[in-house]
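Note that the protein sequences, when read in sequence, are chains C and B. Counting from 51, one number per residue, gives the positions in the first sequence under this note's numbering. Counting from 51, one number per residue, gives the positions in the second sequence under this note's numbering.
Simulated from the structure, these hints should not be mistaken for lab results. Fair warning: there could be bad hints in the mix.
Any copy will do: because identical chains look the same in the list, a pair fits if it lies in one copy or spans two.
To be verified - DSS-like cross-link-like pairs, simulated, lysine-lysine; straight-line CA separation at most 30 Å:
{"id": "1", "residue 1": "K292", "residue 2": "K386"}
{"id": "2", "residue 1": "K205", "residue 2": "K386"}
{"id": "3", "residue 1": "K126", "residue 2": "K292"}
{"id": "4", "residue 1": "K386", "residue 2": "K465"}
Bear in mind the structure is a predicted one, so any value in this text is a computation, not a measurement.
Number of protein chains: 2
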Amino acid sequence: MVEMRKPIAVTEAIERVVAHVKTTGTEKVALGEAYGRILAEPILAKHDMPPFERSPYDGFAIRSQDSIGASGENRKAFTVIDHIGAGQSAKRGIAEFEAVRIMTGAPIPDNADAVVMLEQTVETATGFTLRKPFTSGENISARGEEAKNGEELIKSGSFIHPGTIGLLATFGYAKVFVAKKPIVGILSTGTELLEVEDELTPGKIRNSNGPMIAAQLVRMGLTTRSYGMLADDLDMCMETVKQALCETDVLITTGGVSVGDFDYLPAVYDRLGADVLFNKVAMRPGSVTTVAIAEGKHLFGLSGNPSACFTGFELFVRPVLLKMMGSENMYLPYAKAVLGEDFTKANPFTRFVRAIYESTLDGAIVRPAGFNKSSAVSSIARGNSIIVLPGGTRGFTAGMDVDVLLLGVDEGVDKWML
Amino acid sequence: MVEMRKPIAVTEAIERVVAHVKTTGTEKVALGEAYGRILAEPILAKHDMPPFERSPYDGFAIRSQDSIGASGENRKAFTVIDHIGAGQSAKRGIAEFEAVRIMTGAPIPDNADAVVMLEQTVETATGFTLRKPFTSGENISARGEEAKNGEELIKSGSFIHPGTIGLLATFGYAKVFVAKKPIVGILSTGTELLEVEDELTPGKIRNSNGPMIAAQLVRMGLTTRSYGMLADDLDMCMETVKQALCETDVLITTGGVSVGDFDYLPAVYDRLGADVLFNKVAMRPGSVTTVAIAEGKHLFGLSGNPSACFTGFELFVRPVLLKMMGSENMYLPYAKAVLGEDFTKANPFTRFVRAIYESTLDGAIVRPAGFNKSSAVSSIARGNSIIVLPGGTRGFTAGMDVDVLLLGVDEGVDKWML
Numbered sequence: 051m052v053e054m055r056k057p058i059a060v061t062e063a064i065e066r067v068v069a070h071v072k073t074t075g076t077e078k079v080a081l082g083e084a085y086g087r088i089l090a091e092p093i094l095a096k097h098d099m100p101p102f103e104r105s106p107y108d109g110f111a112i113r114s115q116d117s118i119g120a121s122g123e124n125r126k127a128f129t130v131i132d133h134i135g136a137g138q139s140a141k142r143g144i145a146e147f148e149a150v151r152i153m154t155g156a157p158i159p160d161n162a163d164a165v166v167m168l169e170q171t172v173e174t175a176t177g178f179t180l181r182k183p184f185t186s187g188e189n190i191s192a193r194g195e196e197a198k199n200g201e202e203l204i205k206s207g208s209f210i211h212p213g214t215i216g217l218l219a220t221f222g223y224a225k226v227f228v229a230k231k232p233i234v235g236i237l238s239t240g241t242e243l244l245e246v247e248d249e250l251t252p253g254k255i256r257n258s259n260g261p262m263i264a265a266q267l268v269r270m271g272l273t274t275r276s277y278g279m280l281a282d283d284l285d286m287c288m289e290t291v292k293q294a295l296c297e298t299d300v301l302i303t304t305g306g307v308s309v310g311d312f313d314y315l316p317a318v319y320d321r322l323g324a325d326v327l328f329n330k331v332a333m334r335p336g337s338v339t340t341v342a343i344a345e346g347k348h349l350f351g352l353s354g355n356p357s358a359c360f361t362g363f364e365l366f367v368r369p370v371l372l373k374m375m376g377s378e379n380m381y382l383p384y385a386k387a388v389l390g391e392d393f394t395k396a397n398p399f400t401r402f403v404r405a406i407y408e409s410t411l412d413g414a415i416v417r418p419a420g421f422n423k424s425s426a427v428s429s430i431a432r433g434n435s436i437i438v439l440p441g442g443t444r445g446f447t448a449g450m451d452v453d454v455l456l457l458g459v460d461e462g463v464d465k466w467m468l
Numbered sequence: 051m052v053e054m055r056k057p058i059a060v061t062e063a064i065e066r067v068v069a070h071v072k073t074t075g076t077e078k079v080a081l082g083e084a085y086g087r088i089l090a091e092p093i094l095a096k097h098d099m100p101p102f103e104r105s106p107y108d109g110f111a112i113r114s115q116d117s118i119g120a121s122g123e124n125r126k127a128f129t130v131i132d133h134i135g136a137g138q139s140a141k142r143g144i145a146e147f148e149a150v151r152i153m154t155g156a157p158i159p160d161n162a163d164a165v166v167m168l169e170q171t172v173e174t175a176t177g178f179t180l181r182k183p184f185t186s187g188e189n190i191s192a193r194g195e196e197a198k199n200g201e202e203l204i205k206s207g208s209f210i211h212p213g214t215i216g217l218l219a220t221f222g223y224a225k226v227f228v229a230k231k232p233i234v235g236i237l238s239t240g241t242e243l244l245e246v247e248d249e250l251t252p253g254k255i256r257n258s259n260g261p262m263i264a265a266q267l268v269r270m271g272l273t274t275r276s277y278g279m280l281a282d283d284l285d286m287c288m289e290t291v292k293q294a295l296c297e298t299d300v301l302i303t304t305g306g307v308s309v310g311d312f313d314y315l316p317a318v319y320d321r322l323g324a325d326v327l328f329n330k331v332a333m334r335p336g337s338v339t340t341v342a343i344a345e346g347k348h349l350f351g352l353s354g355n356p357s358a359c360f361t362g363f364e365l366f367v368r369p370v371l372l373k374m375m376g377s378e379n380m381y382l383p384y385a386k387a388v389l390g391e392d393f394t395k396a397n398p399f400t401r402f403v404r405a406i407y408e409s410t411l412d413g414a415i416v417r418p419a420g421f422n423k424s425s426a427v428s429s430i431a432r433g434n435s436i437i438v439l440p441g442g443t444r445g446f447t448a449g450m451d452v453d454v455l456l457l458g459v460d461e462g463v464d465k466w467m468l
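With the sequences and hints as input, model every part of the structure.
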């Protein structure tokens with residue numbers, strides 16, 4: 051007799067997996083190693099930015115009061131007493147009708163309170179003349195105009211991208227607190243599996259899920275502890291899973307979670323006394339995806355079918371790993387797009403279709419990425435997104451608006467949109 | 051007298067930089083190292099996929115001809131002679147009214163041509179009975195239904211993402227030809243610059259562009275050869291640029307490209323006899339961005355202003371590096387979005403505004419990411435996108451549709467959309 055499982059909705063499944071996540075702790079890394087990590091401290095302005103009054107243009111620093119009354123008929127003459135570039139300082143403050151030639155980024159000399167742009171002056175033997183008055187503060191970048199000392203600029207939990215690195219450098223964060231990376235194990239199960247370098251033999255296929263998941267983890271900046279491949283054998287599975295539970299924070303298995311005669315993961319969860327959060331999700335592909343908690347650790351039992359495995363990782367594993375690292379932006383980014391071709395097969399379960407999303411001047415369009423069974427792997431390779439089609443009795447036709455989840459975007463969003 | 055430069059349009063500037071790009075050549079890497087690289091060979095199906103007829107379900111393999119005439123009143127009885135899971139093969143082919151219990155992924159036994167799902171059967175002592183006929187091929191995954199031996203599945207020049215890795219693994223690509231990574235040098239110039247770990251001193255700021263660009267390169271999977279920081283000094287600049295030209299494929303400098311009294315890069319290009327593609331672009335920020343070719347290599351002279359530097363990299367450096375690696379998808383992905391707040395300052399030049407893009411169920415919205423001068427760095431850290439506002443005399447108000455370029459997406463698009 052085949053076991054009957056009760057499917058739960060995708061949204062509920064996601065809520066269950068992210069409900070009890072323990073964070074990984076923090077560590078300090080050099081700025082040069084921080085790209086792609088998750089901030090474990092907010093970025094604070096450690097001083098005003100700019101840290102001093104400076105010139106945003108090439109020009110002359112003057113006292114604005116000396117320009118009062120200047121006009122075409124009443125030109126005011128200034129003597130240039132110094133010449134400074136960025137990183138230099140004037141030798142002394144300026145006095146009445148004195149000026150300093152100043153380049154972009156250089157600090158405003160003492161007593162000066164305006165900058166005259168080069169094109170607003172007429173050169174003389176000792177300086178220049180002006181024909182219009184300037185106001186105090188004109189053409190000056192004020193100290194602290196971008197950020198004030200102590201201000202929180204980026205919150206803890208944010209993804210560190212190149213702009214974040216620039217900001218950290220600005221404020222002298224030579225080292226920065228980031229979330230520790232969780233240790234993630236991968237175990238591929240299935241008597242049919244060969245290694246990538248093996249020749250095909252009858253009835254066998256190469257293990258594509260293991261390398262694929264490893265790459266999904268690399269895309270998240272994470273590394274993998276591989277537990278290789280196992281034939282469908284309960285005792286061997288049990289032993290390896292127990293070992294992995296000691297050595298990893300999260301274990302991902304592929305295969306063995308269905309109700310077939312050689313699917314041993316349910317028995318492994320049982321022997322471990324694991325808390326099975328669900329073992330059937332109302333989704334295609336991947337309805338047999340199972341998630342359990344043992345010793346406080348997530349055990350992700352992904353389907354052995356490549357498309358189902360891929361989708362299960364992105365929907366369930368990714369948010370848990372991100373939340374472990376303190377990120378709130380743990381869900382795949384959402385887009386709405388026009389369906390580019392008919393997709394008429396109706397299905398009672400929510401469908402996740404590997405797809406090619408393209409944004410054009412006329413709007414966004416999305417098309418299924420080809421061969422669409424749960425065993426497919428070519429459509430995962432062609433796709434950059436996943437179309438999400440709600441379950442029900444109807445098909446979908448070209449021109450309809452559909453929901454899309456985008457893949458390969460560095461930082462996600464803080465809400466599951468569907 | 052200040053040199054007058056003639057600005058060219060952004061689109062023309064991009065056309066000029068990508069016009070004469072030499073590719074980097076190829077190398078072979080292990081599959082485990084291939085994520086994030088650019089394919090230098092197409093992915094071919096090395097065999098039919100699936101490589102053999104197999105069962106997509108748990109069930110029984112039968113000869114469909116034995117089910118002819120089956121009905122509720124005329125049940126057909128089958129004897130189960132074997133029991134196979136994925137990776138196993140039946141000991142012999144089936145004869146009349148025989149069946150093999152078969153699990154998902156297992157090869158169809160000889161003589162069988164249909165699979166009956168478990169729930170369509172009633173168990174008997176030696177097998178099961180059926181009450182409906184099956185057609186030849188029913189519930190069978192045909193050999194080659196996903197891909198035929200020799201078929202090109204993914205073209206050369208594609209970005210290798212996790213789905214690509216899965217496909218490479220499927221077809222036994224234990225090693226794969228990828229584009230060699232270009233060697234990219236970074237040289238930060240400016241007398242005002244301090245190292246990240248330095249204490250601030252009067253008139254100085256820390257070098258944020260160097261670390262930021264290094265991270266922009268890491269985001270592209272590339273590493274950096276750093277030439278450190280130089281004060282504004284023509285001879286020192288000249289010497290370092292000459293050295294870098296020998297050691298790198300591409301050199302990025304920051305600062306020193308304007309028309310200020312201490313901007314020495316134009317003189318360096320002159321002494322090198324470099325072909326200056328442009329030294330003024332009708333864009334804000336980054337109008338002084340200069341690109342030259344010397345000894346067949348691109349010299350990118352980015353502005354020292356962080357926002358200008360960042361934008362110049364994404365618009366000009368990124369496509370060149372991708373094209374060097376054989377990618378056609380060298381431009382930032384495009385999106386259209388509703389402007390979330392007024393942006394009333396008009397400007398004759400095209401503006402690139404660091405922004406926060408968000409896609410919601412009600413559509414996509416984009417907002418400027420705060421303080422918006424070209425010297426800004428906090429808005430780069432807050433942003434995940436760039437709003438592109440055409441130059442002209444008008445401002446832009448909340449609710450208008452605007453063009454957006456998305457940052458942090460793994461693979462771009464093959465057309466510059468603007």
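Checked hints:
| no. | hint | verdict |
| --- | --- | --- |
| 1 | K292 - K386 | neither (43 Å within a copy, 50 Å between copies) |
| 2 | K205 - K386 | both (28 Å within a copy, 27 Å between copies) |
| 3 | K126 - K292 | neither (86 Å within a copy, 46 Å between copies) |
| 4 | K386 - K465 | both (15 Å within a copy, 21 Å between copies) |
The structure fails hints 1, 3 (numbered hints given earlier, in ascending order).
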